[in-house]
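Asker: Since the structure of chain E is already known, use the hints to place chain C on it.
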Amino acid sequence: MARITRRELTNLLGAFGVVATLAGLAFGLPAVDRALPAQRAVRTDRPYPVGAGISVFPPPGATVDVTGTRPGDDQGTALFRLGHVRYAIAVRPFDGDLATAATRLRQRITGTSGYQVTGAQLAVRTADGVSGLQGGYTAPGRGGRYTVFVTAGLTIEVTIAGDDLALARMLPLIESSVRTLRRDGEPR
Amino acid sequence: MTEPVVRPARSEIATLTRIPAFWVVVVLLAVGAVRMVQLAGRFFTAYPKATLTAVLLFALLAVPFWLFVRELDFLEREPPELLVTACAWGGLVATTASIPGSAALEDLVAKLGSPHLAADWGAALAGPTVEETAKTLGVVAIVLIARAQVNSVLDGVVYGALVGLGFQIAEDIVFAVGAVALAGQGDQVQPVIATFLLRGFLAGVWSHTLFSALAGAGIGYLVVRRDRGRGRRLGAAALAGLGAWSAHVLWNSPLLSAGLGNGAPALVAVLVLKGLPPLLLILLLVRHVHDREADYYVGRLAMLRDPDLITQRELAVLGSGSRRAAARRYAGASAGRPAEAAVRRLQRCQARLAVELSRAEADVSDGSAGARCAEIREQRDVLVRLGHPEAVTGPRSWRHAASTAATTAVAIAVLCVAISALGGG
Numbered sequence: 009m010a011r012i013t014r015r016e017l018t019n020l021l022g023a024f025g026v027v028a029t030l031a032g033l034a035f036g037l038p039a040v041d042r043a044l045p046a047q048r049a050v051r052t053d054r055p056y057p058v059g060a061g062i063s064v065f066p067p068p069g070a071t072v073d074v075t076g077t078r079p080g081d082d083q084g085t086a087l088f089r090l091g092h093v094r095y096a097i098a099v100r101p102f103d104g105d106l107a108t109a110a111t112r113l114r115q116r117i118t119g120t121s122g123y124q125v126t127g128a129q130l131a132v133r134t135a136d137g138v139s140g141l142q143g144g145y146t147a148p149g150r151g152g153r154y155t156v157f158v159t160a161g162l163t164i165e166v167t168i169a170g171d172d173l174a175l176a177r178m179l180p181l182i183e184s185s186v187r188t189l190r191r192d193g194e195p196r
Numbered sequence: 007m008t009e010p011v012v013r014p015a016r017s018e019i020a021t022l023t024r025i026p027a028f029w030v031v032v033v034l035l036a037v038g039a040v041r042m043v044q045l046a047g048r049f050f051t052a053y054p055k056a057t058l059t060a061v062l063l064f065a066l067l068a069v070p071f072w073l074f075v076r077e078l079d080f081l082e083r084e085p086p087e088l089l090v091t092a093c094a095w096g097g098l099v100a101t102t103a104s105i106p107g108s109a110a111l112e113d114l115v116a117k118l119g120s121p122h123l124a125a126d127w128g129a130a131l132a133g134p135t136v137e138e139t140a141k142t143l144g145v146v147a148i149v150l151i152a153r154a155q156v157n158s159v160l161d162g163v164v165y166g167a168l169v170g171l172g173f174q175i176a177e178d179i180v181f182a183v184g185a186v187a188l189a190g191q192g193d194q195v196q197p198v199i200a201t202f203l204l205r206g207f208l209a210g211v212w213s214h215t216l217f218s219a220l221a222g223a224g225i226g227y228l229v230v231r232r233d234r235g236r237g238r239r240l241g242a243a244a245l246a247g248l249g250a251w252s253a254h255v256l257w258n259s260p261l262l263s264a265g266l267g268n269g270a271p272a273l274v275a276v277l278v279l280k281g282l283p284p285l286l287l288i289l290l291l292v293r294h295v296h297d298r299e300a301d302y303y304v305g306r307l308a309m310l311r312d313p314d315l316i317t318q319r320e321l322a323v324l325g326s327g328s329r330r331a332a333a334r335r336y337a338g339a340s341a342g343r344p345a346e347a348a349v350r351r352l353q354r355c356q357a358r359l360a361v362e363l364s365r366a367e368a369d370v371s372d373g374s375a376g377a378r379c380a381e382i383r384e385q386r387d388v389l390v391r392l393g394h395p396e397a398v399t400g401p402r403s404w405r406h407a408a409s410t411a412a413t414t415a416v417a418i419a420v421l422c423v424a425i426s427a428l429g430g431g
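Those protein sequence lines, which keep their order, are chains E and C. Its first residue numbered 9, the first sequence is counted upward by one per residue in this note's numbering. Its first residue numbered 7, the second sequence is counted upward by one per residue in this note's numbering.
Note that these hints are calculated values from the structure, not bench results. Since the structure is predicted, the reported quantities are computational estimates derived from the model, not experimental observations. Don't be surprised by glycine CBs; every beta carbon is placed ideally from N, CA and C. Treat the hints with caution; some may be incorrect.
[Stated by the list, open to error] Pair ranges (Cβ atoms, derived):
(1) C:L289 to E:P68: 55 to 61 Å
(2) E:G119 to C:R405: 48 to 54 Å
(3) E:G127 to C:P86: 57 to 63 Å
Looking at chain E on its own, in the form it has when it is part of the complex (with noise of 0.2 Å):
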């Protein structure tokens, strides 16, 4: 039988600290992401930063889920969690109207396999009298809502997911916060 040479050792050991580097960073790293905490206490008594100078009042009960949020200057995303019910809202530049927003952010929803959209679009609009267009849809075992804004060269694009009937249960919590985005000025 063929003996191992101490370079072949060698060889393999490396060849190992190799693929243990790459798991380390593949594996290694979302392991360690998945065993810290994501979610955060959230203030609802005051705005919270979505970025882009858009803020709004988050839910009562929320708690903020950092891994989806980016409060950036020029564009930005939050990610709110009640309970099971996933609320996430997301700014960016955009030059178009009310209905090509909607009708991108429709595209999208539908081009997620299993997603279809139900229904009508209904006019919203927020306390600050910015005007949107709301729809709902479904996906395997759970239904969404979602909103779309279009104000001083951004669209806001809100969604809504969770199943059923958490989602029946916190809808009105949500679509209250919803009505609160609002511009505020600057960018943080």
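Answerer: The following block gives chain C in isolation, referenced to the frame of chain E:
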């Protein structure tokens, strides 16, 4: 005694299968290929036209990079199998590890710092840390499977650049299709074109190819310069890796871009302030290691003192890519395309002889010096018959100067259009 710029070694490419690391690398490439094919399959299903456009555009972008690296590698050519392996590592393995790793690290920045910190610095910290590590491992893998092939710092640069090129192309395609999805307009190619202009055309030069070339230089130094202490070699490799990481961090960071707005001048300012300094520094380093390697090999040929094999004036030409190209152009202008092709073959044969002479000095010759000399004499005879016996540069031609000026003008015009289109200026 001169410093060992090059460590000559016998080519062992035929015995790769006997090396344990080779099979480990094969498995990693296979896993990466499966993962990336799955990703590409999803892209093609959702956006077939946009994905095909992205693949074609970014594959085309790879061509000039590949040619540049091959010209850099002219004198002591690396085996195509290893070059392809390096490129595949970048496009398949490094990307497969980096996609989940970078996302997790950015989330960790948000968790351990804050969402604000992650928004501003997440991409600047997570991307470079994970991606530069994964790419540098590609050069380490090449060293493990074919250590004899990495026999100069320039070889490390070449393998690093190709790992970076593979990564850059794969990442750009992912970004382009991501832009299509984000646009929410279905299977449209406009977001692909915009991504190509920004990430490929404007930002492509100072991207992964450049960063990984620097990291590869460090690995090359670590492997080749055994005349230096282990600490110094490790320090140099770490410094090169840190340099690659820092250049990547600077490029991804919000530094210097705040307050510049989103217009065309801001885009130019960002490119110049954040891209140009690392680009120039790394290109200077690459030129330095290229010239040192060229001096070494040309020095081997100079010792022959045989004008049939290489003349004094050809010695001055062979070490420089631009002078080699000028000599080919001059041959073409004075004796036609056959002479241009013969000069190219002569230069290749001279380079191969130089490598063989260096191996003979190190007692690792395969005894092919005689055959190499015969190849050179054959090409010399062809050139003599064509009335252009020496592969040298001619006087600077107005046609070449005009062609260079026109190409530069077109490049600047395209650059202005791209900046204007993306910056809204």
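Asker: For which of the previously enumerated hints does the structure constitute a violation, in increasing order of number?
Answerer: none
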